[in-house]
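Using the sequences and the hints, build the whole thing.
Sequence lines, in order, name chains A and B. Heads up: the first sequence is residues 1 to 224, going by the numbering used here. Heads up: the second sequence is residues 1 to 221, going by the numbering used here.
These aren't lab readings, by the way, just hints derived from the structure by calculation. Fair warning: there could be bad hints in the mix.
[Claimed, not checked] Label pairs and their calculated CB-CB ranges: (1) GLY135(B) - PHE35(A): 37 to 45 Å; (2) LEU220(A) - THR93(B): 31 to 39 Å; (3) ASP184(B) - ILE42(A): 49 to 57 Å; (4) TRP190(B) - VAL34(A): 54 to 62 Å; (5) LYS216(B) - MET97(A): 31 to 39 Å; (6) ILE209(B) - PHE47(A): 50 to 58 Å; (7) VAL34(A) - GLY135(B): 33 to 41 Å.
[Stated by the list, open to error] Simulated coverage check for chain B against chain A, where a stretch passes if three residues somewhere in it have a Cβ under 8 Å from a Cβ of chain A: (8) 114-125; (9) 132-145; (10) 152-163.
Note that the Cβ used here is the ideal one computed from N, Cα and C, for glycine as well.
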Amino acid sequence: MIHRLSFYRGFALALSKEFRLLLASPGRLVASAVFPVILALIYQRSFSGAALNRETVYGLLLASLIFLSAIIPLWQQQMEKEKGALRAVICSQIDFMALYLARVLGLWIVLLGVLVFLIPVYTLLLLGRLEFWASAIFALGFAALSMAAAGTVLISIAGENKMKNILLPLLQLPLMVPVMIVAVHFFSLPAPLPSDWLIACMPATTYLAAGSLFYGYALLEVQD
Amino acid sequence: MGSPRQIVLDFFSLLAVGCVVAANFLGLYYPEVITQQGVAHRIFYLHVPLAWVALYAPLLAAVSGILYLLSRRSVYDIVSLTATRISLIFSITVVISGALWARVEWGTYWNPLDSRLNSFLVLFLILVGYFLLRGMIDAEERRATVGALIAIFSALASVLTWFAIRLVEPDTHPQSVLGTMAPDIRLTFWIGVLAYHLFFLALVYRLYIFEMIQRKYQTGV
Numbered sequence: 001m002i003h004r005l006s007f008y009r010g011f012a013l014a015l016s017k018e019f020r021l022l023l024a025s026p027g028r029l030v031a032s033a034v035f036p037v038i039l040a041l042i043y044q045r046s047f048s049g050a051a052l053n054r055e056t057v058y059g060l061l062l063a064s065l066i067f068l069s070a071i072i073p074l075w076q077q078q079m080e081k082e083k084g085a086l087r088a089v090i091c092s093q094i095d096f097m098a099l100y101l102a103r104v105l106g107l108w109i110v111l112l113g114v115l116v117f118l119i120p121v122y123t124l125l126l127l128g129r130l131e132f133w134a135s136a137i138f139a140l141g142f143a144a145l146s147m148a149a150a151g152t153v154l155i156s157i158a159g160e161n162k163m164k165n166i167l168l169p170l171l172q173l174p175l176m177v178p179v180m181i182v183a184v185h186f187f188s189l190p191a192p193l194p195s196d197w198l199i200a201c202m203p204a205t206t207y208l209a210a211g212s213l214f215y216g217y218a219l220l221e222v223q224d
Numbered sequence: 001m002g003s004p005r006q007i008v009l010d011f012f013s014l015l016a017v018g019c020v021v022a023a024n025f026l027g028l029y030y031p032e033v034i035t036q037q038g039v040a041h042r043i044f045y046l047h048v049p050l051a052w053v054a055l056y057a058p059l060l061a062a063v064s065g066i067l068y069l070l071s072r073r074s075v076y077d078i079v080s081l082t083a084t085r086i087s088l089i090f091s092i093t094v095v096i097s098g099a100l101w102a103r104v105e106w107g108t109y110w111n112p113l114d115s116r117l118n119s120f121l122v123l124f125l126i127l128v129g130y131f132l133l134r135g136m137i138d139a140e141e142r143r144a145t146v147g148a149l150i151a152i153f154s155a156l157a158s159v160l161t162w163f164a165i166r167l168v169e170p171d172t173h174p175q176s177v178l179g180t181m182a183p184d185i186r187l188t189f190w191i192g193v194l195a196y197h198l199f200f201l202a203l204v205y206r207l208y209i210f211e212m213i214q215r216k217y218q219t220g221v
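Written out as structure tokens, the structure reads:
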């Protein structure tokens, strides 16, 4: 008799597996943090050292994060395949919603970690002063959650395709445009109203809900 | 001689084409020219109805995609594919007609800071991604599943973008004038909207039949 894992147990197991995979390659984690810093230096050179306004700086930070939200799950998937873990996951009796939420949470935590490191770097390099603005961190956090929610599904949809390295950004970028617009709008507000906070959460909740519902189809039928 | 159903559907298709021709003719000659915009304003009678349909079509594709995932009936995959095809064609037409209007009004074909222009470019990119990914998968069932999933996320992104661009101020694109139109402009506009919606339905039907025949031919059924 096959024992079906409960939602919470499946979630906890999947999350611990995600972190084990991440920690198995610390070099990739360092590269994830270094890559946006290089982009920040390029932005600074491009704008000739001029101090930019707050929404532009945070917008550039988000744009840099979009690449990471596509690259990190791609690495994860590749490592899973190498270790044969993906087939085991598909064959196991784990709840796919629990698996999806665990993967999103794993990626989100990584992106948040990168964000905490990048905010002072970007503000110092591009804004000309060190800044930790609580409202911006909230909007950036929800934007990162949108990226994690959409990126996790897209990597499963792209599956075994040989062109997935090109396809992923092509699919990811249009999905991230509303996320960027909503976040940058939020950064431009001096005192956000409760409705603005709700709007900032809207893309993340939409992608998360859709991903939870349809992730199983992507995992079961698109993968080899 | 076809079946009565076929005759009705053929008549509907002809009616739709006739309505589009009539709506374009009306748009070119009937309403008074808006003095601030000149003759260029007549693009509005083509541009806005096409834009509306180009935005609805991904929603139809997403609903069909969900129905496909739930039922596994290839009919829904074909409807989803057809709606996306039409949306792609219409969105190209919207971008071109918008660029022509912008050249006259703004002196440039493309304003990179205009959020609505960019939102249509986003829709166009999503639709291109849909066809690229679909075209790279050989197995029919897997292709249909990928198509359904991309259609769902494309529709969500389109709706979210539609909401998000309304947050951006100032917007250079003309705002909605539905409540303030002169009677001749209003009549022409709504005839155009009706005509392009009928045309969309007729195209969905025609492309659906075409895809069905193609699949039957390929599988030798």
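C-beta pair ASP184(B), ILE42(A): status relative to the range 49 to 57 Å that was hinted: The hinted range 49 to 57 Å holds for ASP184(B) and ILE42(A), with Cβ atoms some 54 Å apart.
Outcome, coverage hint (the stretch 152-163 of chain B, chain A; C-beta under 8 Å; three residues): With 8 residues closer than 8 Å to chain A, the stretch 152-163 of chain B meets the three-residue bar; holds.
For the pair LEU220(A) and THR93(B), does the Cβ-Cβ distance stay inside 31 to 39 Å? 38 Å, holds
Whether chain A covers the stretch 132-145 of chain B (at least 3 residues having a Cβ closer than 8 Å to its Cβ atoms): As far as the stretch 132-145 of chain B goes, the hint holds, because 7 residues have Cβ atoms under 8 Å from chain A.
Go ahead and decide if the range 37 to 45 Å is satisfied by the Cβ distance of GLY135(B) to PHE35(A). 31 Å, violated
At the C-beta level, are VAL34(A) and GLY135(B) separated by a distance inside 33 to 41 Å? Roughly 36 Å apart at Cβ, these two residues keep to the hinted range, so it holds.
Is it true that the C-beta distance of ILE209(B) to PHE47(A) lies inside 50 to 58 Å, as the hint says? 55 Å, holds
If you check the beta carbons of LYS216(B) and MET97(A), does the distance land in 31 to 39 Å? Because 38 Å falls inside the window, the suggested range holds.
Three residues minimum, CB to CB under 8 Å: does the stretch 114-125 of chain B make the cut for coverage by chain A? Let me know. With 6 residues in contact (Cβ-Cβ under 8 Å with chain A), the coverage given for the stretch 114-125 of chain B holds.
For the pair TRP190(B) and VAL34(A), does the Cβ-Cβ distance stay inside 54 to 62 Å? 57 Å, holds
In this structure, the one hint that does not hold is number 1.
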